[in-house]
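Asks: Sequence:
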Amino acid sequence: MKLKTILLIITISVSASAGDISDEIIRSDQYLSKVKNMIQQESEIIQTLKNEKVKTANQLKKAEMELKLHKGITKKLEAKLVKTNKEIGTLVFKQQEYSNRQTELKEKIRSANFYLAGAGETDLLEALILSDELTELTAGLQIISRVNTKLFEMVQELSENKIKLQNIKENLSASKKEQEQALKEKKESVKEYSNKKTLIKQLHKIAAEDEKIQKEYVALLKNKQDEMEEKIKELKKTQQTKNIKRRFDGLEKDFSDNTNSLMWPINGKIIEKFGTKKIDGFKGVVHKKGIKIKPNETKVASVYDGVILHTDTAWGLGWFVIVEHFGGYYSLYANLDEIIVTKDQKVHAGEILGTIDIDQGTNTPYLYFEIRIHDKAVDPLGWLSS
1 MKLKTILLII TISVSASAGD ISDEIIRSDQ YLSKVKNMIQ QESEIIQTLK NEKVKTANQL
61 KKAEMELKLH KGITKKLEAK LVKTNKEIGT LVFKQQEYSN RQTELKEKIR SANFYLAGAG
121 ETDLLEALIL SDELTELTAG LQIISRVNTK LFEMVQELSE NKIKLQNIKE NLSASKKEQE
181 QALKEKKESV KEYSNKKTLI KQLHKIAAED EKIQKEYVAL LKNKQDEMEE KIKELKKTQQ
241 TKNIKRRFDG LEKDFSDNTN SLMWPINGKI IEKFGTKKID GFKGVVHKKG IKIKPNETKV
301 ASVYDGVILH TDTAWGLGWF VIVEHFGGYY SLYANLDEII VTKDQKVHAG EILGTIDIDQ
361 GTNTPYLYFE IRIHDKAVDP LGWLSS
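Each residue of the sequence shown is one higher than the last, beginning at 1 in the numbering used here.
If you are wondering where the hints come from, they were derived from the structure by calculation, not from laboratory data. Computed from a predicted model, the values in this text were never measured in an experiment. Each statement offered as a hint is correct.
Computed spacing ranges between beta-carbons, pair by pair:
no., residue 1, residue 2, range
1, D226, A349, 38 to 46 angstroms
2, D312, N223, 42 to 50 angstroms
3, K242, D312, 25 to 33 angstroms
4, E64, R27, 52 to 60 angstroms
5, G250, E216, 49 to 57 angstroms
6, S22, E227, 18 to 26 angstroms
7, R27, K294, 53 to 61 angstroms
8, G316, E227, 44 to 52 angstroms
Note that CB positions come from ideal geometry on N, CA and C, so glycine has one too.
Generate coordinates for the entire structure from the input sequences, incorporating the hints supplied.
Replies: Written out as structure tokens, the structure reads:
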């Protein structure tokens, strides 16, 4: 909406017709300044967006590394938990084995004692007591004692092992709970960092899209700036043309159509021509940009309608007058003794510009005369009438 509104205002303002070109140039310059300020502001926004994009890219990279780290830890915790569960399962199996073994041993003790205590009308214990041989009695009792002792030791060992296994199982179960809690927390961290990564990705994407939009906006503004600069250039050109035409109001403007037909600035004889000239005693050559005329009269006149551009004196030229003609043409009249026109004065063809003193004794009086198209000197004889 901002873009459409601003461009609409600019377009309407620039395209509005104005009676006075100067006012239109001023208005266009003002709007051009506004557009340049807008471009500057939007360029700063683009730079901010670029910085934000770099920042989010770094954040995204960091989030990806953190997510990878937490996923790795989660994977290790899961593997450790699987191992713990496996160890607990193994312990449970061993506990069951010990229980079964303990039951078997208890059954063996019970069976052995039952056999020793009595197994028919005369049991083994009675037989040993009634034995005539004391040694047999003693040996038999020792056997019974050793068997029972061994069996009870085995039962005791099994009980101790069961207790150890139970302690290990309890420790593993506690460790399992800790691992499950750690795994739960780590999974939550993974989820959190995953969400963070998604958010940063979205922010990065938004920053990139905003940067693209701002660049398109700035490009549009720059196009409008170019259009306005071109329009101002055309307006100034038009203004200049109008000013030039106004400057030459009331004067002939067809200088370019007057080759070989312009009046002479003064009657006389040409003593130096236009072009390259060899000078005695000088190895090189010089290029004469005008002609010298030895006058038969004193008055110097303008060769065509124009406006006095400049009057002055200079070394090598003496007093001189420059007349500007319409279309970028100029005529120069130098080595004058007197100037009777002033700057910006309009003159017509044949109007007197100044005079030359032809009674100079030993000195040869002359008029130095040039014609220029813009800043390029051309041969005056190609323009003066035959």
